[in-house]
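Trainee: The lines below spell out each chain.
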Amino acid sequence: MATHGEITESLQAFHKSYQENERLKLMNKDWNRTVLVIANDLESAHTLALKEGEMSFQEGRQGDPDLTVISDSDTLADMFFGDITPIEPYLNGTLKIIGSEDDITRLDFITLLIWGE
Amino acid sequence: MKKVVSVSLGSSKRDHKVIANMAGQEFEISRLGTDGDYGRALSMIGELDGNVDAIGLGGIDVYLYVGKTRYAINDGLKLMQAAKKTPVVDGSGLKNTLERETVYYLRKNTGLLPSGCKVLMVSAVDRFGMAEALIELGCDVTFGDLIFTTGIPYPIKSVVELADIARKILPEMVKMPFHMLYPTGAKQDSQDEDKVQKFGHYYHESEVIAGDYHLVKRYMPGGLNGQLVITNTTTREDLLFLKNRGVGVLVTTTPELEGRSFGTNVMEAVMLVLLGKAWEDIKPEDYLALIDRLNMKPRVLEL
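Taken in sequence, the protein lines are chains A and B.
Residue numbering for the first sequence follows our numbering, starting at 39 and increasing by one per position.
Residue numbering for the second sequence follows our numbering, starting at 1481 and increasing by one per position.
Keep in mind that a hint or two might mislead.
Listed below are several chain A residues computed to face chain B (Cβ distance under 7 Å; list not exhaustive) [said to hold, decoys possible]:
(1) Met65
(2) Asp102
(3) Thr123
What the hints contain is simulated information worked out from the structure, not anything from laboratory work.
Glycine included, C-beta positions come from ideal geometry on N, C-alpha and C.
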């Protein structure tokens, strides 16, 4: 089981990679969304906010989420560190994402564009 | 008489059957839509297996070619593997050849595709041959793959960038349920009004709109001013729809049979029967020779 601190570190890595990717920022200029990330096997919540292409990130719950990402702590840490993609855990039910289908597809794309190779 | 059946995840409203003579061989060609019901498509293929000469898969791609790399869509592959005796094709082999040739034909024989003309390809990863040919001939192409599939307002302007993005996302995206990537079933009979509003300007800014018909239609705004549409599968109702939206000329890459153009999967299935070869042994030269023998030319229609 990963710790809250490890999830925080993974999200910091995700956030840093996003912010360094100018193409991604340009792609998301119109996509203002709040994404809540929750672990289901320990007390851990983080909030990612996208506004005019820029991503910010805070520990805890902030605002009303448009998308809620729920999984076990290991999967969350692995995913945001880029060790696994979201597709496999999403398809086998380990990862749940609550939101519109378009937003879910778009979040998957962002993750793949950050880590995909 | 040879029998070819196209099993489609698309709407059953487009079902159709024709008898056609191709290179001296009589064919009964039919199309069976499953309204997006994947399970029904699987069992239909199982029932047809061994009872027809070839099966085409419609409304779904199995293989996507980006440069020399081939990606297999999991849901499509499962359908293909549901038949053990009858060959199943998705049209991707022919599409790569035929659509490239269509672009060359239009440049050589018509004034419809001048150098520098602005082209919108609503999706290019499913027809990379056409994308490469348009760029090769000096068209100013916008690839709408991210815009229309994911809602990301990012026009891709080169084949190199398209291939770069595809390399990052396709190995994983092909594992997703197909309905999340492409309109199936009832979605094919409607438009995505949000995206029409948001991204319709890409259509207005282009002189040519190219790509899969269901995608072209799903995001097409009204008030176009005589644009050229290059696509594959259209029915009589589709011609009316395009005309009402302001499209000026329609080019379909597959020939017309009794008032409609069939998908490339159907034509590939017919060609497979005529060539008498295993699908994996057919080369682009084989398709080109047969296209020539069948005197297959794009259909150019003033609307």
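Trainee: Output the numbers, in ascending order, of every earlier hint that fails for this structure.
Mentor: 2
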